[in-house]
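J.: Now for the letters of each chain:
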Amino acid sequence: MSLIELHNIKKSYKLDGFDLRILKGINLSIEKGEFVAIMGPSGSGKSTLMNILGCLDTPSSGNYILDGQNIEKLSPDELAHIRNQKIGFVFQGFNLLPRTTAIENVELPMVYASVKEEIRKNKAKDALEKVGLKSRMYHLPNQLSGGQQQRVAIARAIVNEAPLIFADEPTGNLDTKMSIEIMKLFTELNKEMGRTIILVTHEEDIAAYADRIIKIVDGEINSDIKNPQIK
Amino acid sequence: MIDAKTTFSIALRAIKANKSRSVLTSLGIIIGVAAVIIMLAIGNGAQLSIQEDMKTMGSNILTVRSGTSTSGGQRMGHGTQPSMKAADGDAIQERIKEIYLAAPLLNDTAQLVHGNANWSTSVTGTDNRYFQIKEWNLAYGRFFSVTDLKNAAKVVILGSTVVGELFGDMDPLGKTIRIKGIPFTVIGVLETRGLSSNGSDQDDIVYIPLSTAQKKVIGIAFPDMVKSITLQAVDAKSTYTAEAKIRTLLRQRHNLGNHKEDDFVIRNLTQMMEMRENSSKVLTILLGSIASISLLVGGIGIMNIMLVSVTERTREIGIRMAIGAKSWDIRLQFLTEALVLSLIGGFIGVVCGLSGVWLVSHFSSFKAVVSLNYIILPFSFSGMVGLFFGFYPAYKASLLNPITALRYE
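These protein sequence lines are chains W and Z, in that order.
In case it helps, this note's numbering puts the first sequence at residues 135 to 365.
In case it helps, this note's numbering puts the second sequence at residues 221 to 629.
Extracted from the complex, chain Z is given alone in its bound form:
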């Protein structure tokens, strides 16, 4: 057996002897590894952005909205037929054990004025449970008090974008703004949440007590009306079991007979997110495996060139055998050559892949995030490809007969 250092220097010399051929051979591996890294990074980025969405959305969320109305044969969208009451939410929270919190929401777009500045944004009536579900904290100030909620106090909590638009650098706390001409006192400012995954500004919003919204700002068709209710289940699994129970409870409360359609719509956001996450996982695997195919093709390229190389160097093999190389020495020599070739390709591929990821994340709308695993995986895969496809040429070389190999011209 010859030592590792000599084996490697023999392999490196053979690779250097045919520089352009070596480069072309490893090109397949370079492209394969780079492609796998970029594809996995894109898939990984998609998954991460979904996970971030889930964090800002709150966990284990269901929403119930008013149903659709039909007027003159035209069916209108969800929420056009007002049917939900805040009391429905309270009943769900109280009677369905899977549901931990229920926050009522009544929202509309309104013009906000402070001094010379004015800004149109979404005004949402709710109570403190909503912030709890969304795990949304105040940057400063306070949430609604019990009396605020009970007495329809004219107080408002602002999103950070609204603060910027109306107050600039001024401290908004305790200041008065007008919503639809009605004066409100600013009691709090929420932490900045940034853009949601669909690109809307989550901070461009203001919150007022539900009772205030119902009685003073947004008109309602019947007492205690809300547009939707956001529900939080105790865990992800409960969101599924809760859905049927909520349906039964609401049908009962809304006095819907057997033949009547639901006048509400239940959405399981957790389920939707899980589906999105799963589909992005599938996408990652799909992209990764397609890219792996190019790595495999690169391996076949290595095998091809190694076979050519064995034929070309038949005489060299003959000399080595005559001088005392055993079949394993010859096998090891060509196997090492294939391995070194593919690992060099793998290394360059990693460098190209990382630059590719950088380009993608800077110059395209895709988010690409590299993790260490996604570098080690294709790199070691390239090594395995080299060993696998190098084995046959190496084996063939070791079977040569020294007499015929020496006579080979």
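If we strip away everything but chain W, and leave its shape as in the complex, we get:
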């Protein structure tokens, strides 16, 4: 069974009495271990799709099955639990907690999963080691470079052993050299640790790291192809 299955997902907002249809029936399935890039111009519904896939939002209609579980009708708290257990987020703006050390930031998903402090610390250390930041464990976000902050965010996304990693423009705030480093890290997570990665981007050369590229235009899937030349 696929990790993600979307059946005719629609999303619309009421705006001044008009129905604003953002997603017009998306059908999509993503297997475990895939590295997928979702591309699309702004206003295409790419962000809305990402929010629904990331369990931050629910569709107006349609079915979403994540890891065998129907999630389109769940309450906000139940969605929070799914996000905590199944999804790791990496954002464009890093979104680390300020005034909080790298290791404590990495511990955060486990805090909300009620993992014991000792286990939390060890797992967080391991995750930071994997992203190559063990020596910066006790640094605060503002003492780290953009690339390092993003690596802390990646450590936070993988620490809870979530099968799915969601990266929303993860290199948007980084220069080319840092971007390459970060994308290599994603490739590694995908190839060596078998994590499923969904990458949202508008940059062709970033999308090129993925095995599969889905293009969204005007609320519909425009193309869904295997990447012919993976970086």
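Think of the hints as simulated: they come from the structure by calculation, not from any bench.
We treat Cβ as the ideally placed atom computed from N, Cα and C, and that holds for glycine.
Treat the hints loosely; a few may be bogus.
[As the list claims (entries may be wrong)] Over the 10 Å line for every Cβ pair with chain Z, so calculated as not near, a few chain W residues:
(1) D201
(2) A214
(3) Q219
(4) S248
(5) I253
(6) H273
(7) D309
[As the list claims (entries may be wrong)] For lysine to any residue, the following SDA-like pairs were computed, each having C-alpha atoms within a straight-line distance of at most 25 Å:
(8) K275/Z with D421/Z
(9) K250/W with W548/Z
(10) K239/Z with Q277/W
Assemble the complex: chain W is given as a structure, and chain Z must be docked to it using the hints.
T.: Chain Z only, in chain W's frame:
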């Protein structure tokens, strides 16, 4: 659910991150708690001093004094028209069942001489019932004997202040002092009572047998005259019922017709004390509640700052929610922060309050006494204020939508 330790460390970090703001926020609570403690201590002190007064005064006391006289249209004060007899007291004690003891008093100011020392003080003629009513024991020596009282013996019992003034460190027992030139033998010294609530020295006094006072020291207008009678009722309630009965009895004994005014005045000291105690209780409650209002205002300050903090940290809330914080986790986080803030304020308030109480009791005429209850009460009240006023901001935070919260700049 996240564990308590982590919850507290998150709250403490947020409080530390904005030190000066946290201090200013808890200032309201600090002042409130300190004010409540100081006010309650002052009220408590007032009540305690009244209770002490009641102890030295004796319990369930009534006094009857001679009435007022009118001379040439001028009305004189109480006791100016001599009307009371010692026999009136005996009759009251015998015939009114609510009254347990009646002690006659006849007093005047006189000069006392011993050797080179001399001292002016109040000389009071009475009998042993008076000491019984006042629950006043001897430091040493003896009370009046039956023969002393019957034969108008020239014996005297001294208050400790008088002993000091006339004898210094000498043992006064058996020595002779002169009162208005008449020699008296010292037979006893009373225990020290200290100052009364109105500041007069209760030990600056000497007692002689009533008969001696009447016949040899203080002039009297008619046989068996006294200035006042101190009565002790069997219990506090009886002081009220006894009052009317005493009035009827005395009017009868003094042959007062229907249209004549009383020639005596009855004072219910127990009633007066109870009124004083009640009014000081009311005062305590009043002071306490006014101070509590400042605590409440402090709570509103906390709510205000917590609301600002929730808005400022919208993004943080968004991150936490995206990562898996449930609404209750967010609520608990901000509630704990408000609680910790107000409890820290409460603790500092207790310290400030206790120092305030110390200052008040050392440098002002107010007596301020702290009791444990009056510390626990405002401290726990500050905690409740924190929870109450922290709830709304915490609730508001938990309602945020993670998508909009994450986009918040």
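J.: Next, verify each hint and record whether it holds.
T.: Right, here's what the structure says about each hint:
1. D201: The assertion about D201/W holds, with a minimum of 15 Å to chain Z.
2. A214: 5 Å, violated
3. Q219: 7 Å, violated
4. S248: 6 Å, violated
5. I253: 12 Å, holds
6. H273: Correct as stated: the minimum Cβ-Cβ distance to chain Z is 16 Å, above 10 Å.
7. D309: 22 Å, holds
8. K275/Z with D421/Z: 16 Å, holds
9. K250/W with W548/Z: 19 Å, holds
10. K239/Z with Q277/W: 21 Å, holds
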